[in-house]
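Protein chains in written order, with the working numbering: chain X, 307 to 713; chain S, 18 to 286.
Keep in mind that the hints were calculated from the coordinates and are not lab data. The hints are all genuine.
In the DMTMM-like style, the derived pairs of lysine to aspartate or glutamate whose C-alpha atoms are separated by at most 25 angstroms in a straight line are:
| hint | chain 1 | residue 1 | chain 2 | residue 2 |
| --- | --- | --- | --- | --- |
| 1 | X | K418 | X | D358 |
| 2 | S | K197 | X | E345 |
| 3 | X | K712 | X | E653 |
| 4 | X | K422 | S | D177 |
| 5 | X | K418 | S | D176 |
| 6 | X | K422 | X | D358 |
| 7 | X | K352 | S | D176 |
| 8 | X | K352 | S | E151 |
| 9 | S | K90 | X | E615 |
These numbers come from a predicted model, not from an experiment.
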Amino acid sequence: MTQAADNSTHSGPLPDERGHFGSFGGCFVAETLMAPLDELNAAYRKYMQDPDFQAELDKDLAHFVGRPSPLYYAERWSNELGGARIYLKREDLNHTGAHKINNTVGQVLLAKRMGKTRIIAETGAGQHGVASATVAARMGMECVVYMGAEDIKRQAINVYRMRLLGATVVSVESGSRTLKDALNEAMRDWVTNIDNTFYIIGTVAGPHPYPAMVRDFQTIIGREARQQIMEMEGRLPDALVACVGGGSNAIGLFHPFLDDRDVAIYGVEGGGDGVETGRHAAPLCAGSPGVLHGNRTYLMEDRDGQIIETHSISAGLDYPGVGPEHAWLKDTGRASYVAITDAEALEAFHVLTRTEGIMPALESSHALAYTAKLAADMNSDQIVIVNLSGRGDKDVHTIAALEGIKV
Amino acid sequence: MSRIQQRFSELQAQQRKALIPFVTAGDPQPDVTVPLLHAMVAAGADLLEIGVPFSDPMADGPVIQAACERALKHHVTLHQVLDMVREFRQEDVSTPVILMGYLNPIEVWGYADFANAAAEAGVDGVLTVDLPPEEAGDFTAAMQTAGIDSIFLLAPTSDDSRMRKVSAVASGFIYYVSFKGVTGANRLDISSVSSKLKELRQYTKLPVGVGFGIRDAETAALVADVADAVVVGSVLVGQLAELADQPEIIPSTLAATVAELRAAIDQPV
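In isolation and in its complexed conformation, chain X is listed as follows:
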């Protein structure tokens, strides 16, 4: 029941009051969760306007997360490609090693103000799980993280980090045993423990208000980048690039530039073995609209509406849906979405590591691989900002195993 016409005619701030980005988004959950989501929405709207809350958030972002993160000119890599000047937004330098902490520090402050004592989260690559366990430890709250059994195997180090931080990691054995199933299980926990539990969703998906709320906590990335590039280059960039799983690091970078029509925007999905093989995680490139996990968006689904398994080298991109605002940006044409294969991402991982001495996460390596293609065809007076959303330490074992090396 998607009405594409809605998208082009919509005006005013998005999402609307009930979480719609055109025909995407919304709040598709069982009745038991409707009242808690209303309560969360009311708290989020109240505290986003509250100076005390904002002051506490700013303080935590500065002194606990380590913001602002640098905008780094990758000079050697840019010169090797012989095209545009490439800047890396260094979210990998945040506390816990990725952009995920920007959101969890915000949501845990909300949880505290709402009187909740228990935190739950889902995680794919483990970065959001670590970021949630981190803020829960700091607040002295109980923390339970749901993680697909397949992902637990792929991300053993992050599982151990969460346990060191005092979180309980629950292995999810249902369905495809990856991120989508972890999200299902977290929802089941939440519906059972609503009274004392705050569910920290890690991406810009899920039911309203999560896509808007997580976006608002992540736009610090784009607001800083905008200011930094103005200081360093005296002008806005020509293009932005970020990887898209659920899409929180991407929307965080993109959102403050949406009204700057001369800034091209590229979201990079996990292309797996190649979009043409069907073994990928690229719903915006090769999926269709549907309803999953509380919102209407592009999905990887079969023609009967069953969600199909995704494939990506990167656990953080291995998700069959995508945030509804990305679906809307795709349909309106404001952003372009492309796919990068596992092999291309792996190559970009090695190139950046060797050229700049920066080891990127496999998720971010997808954005880097597309940046290399894009920048090579641009001029040296043009500027690309790519979101280096996380560091690659967590992926070292995966990469070694792929290359037949015992660590």
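On the provided structure of chain X, position chain S as indicated by the hints.
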């Protein structure tokens, strides 16, 4: 008058409460479902709730999740579920059939096309777990046009305004979820159900069914005392799981359970 209304008014005239068993279509294999439905009706089911298998059943506990996985191994689609209803209708034209599931299979089919196909197959009501009234406008309109009742959930977390909102769009009956949790959990608190139902009856004249957490004759009887209908799912689906290797005895075994529940519901508390 729809089959659902007809059935509830007959029961009311007899001062009896409805028993609604739930099974997942195609669990553990597709050829079991239609004979099982007939056997449950013969054993005393008043309405039937048929689960449409979905890959991501977020509101269900492990028992019904596993049922979805068993059915999906046989690639049971929403189209096939309608075929099963059509086959059931060849021998039974009076027992109301309600489909219960998640929105996406219907979303992908298209609301109006699905509603017409479902009505033609003999479906009387549809309950989509992840479709609250706020998002349901186009959906209920399509169902209404096809003559299908839209069944909605209410829950312990639903306040007055939500009870009013759901009552305004629901038809057939209202399904009250007895506790905060997923299907099959053991958390039924009959006194809280009773007081919530009293509140709810200020907003609706529709019959109210109660489901989640009814696990035996005793809890069925307690619920029947305060509700118009008793929905029993995970207990039956649990038996299906145990008998997955002996599909030939599934209809008779589940019918025996339905008969026990029937007897308990019909006995005054």
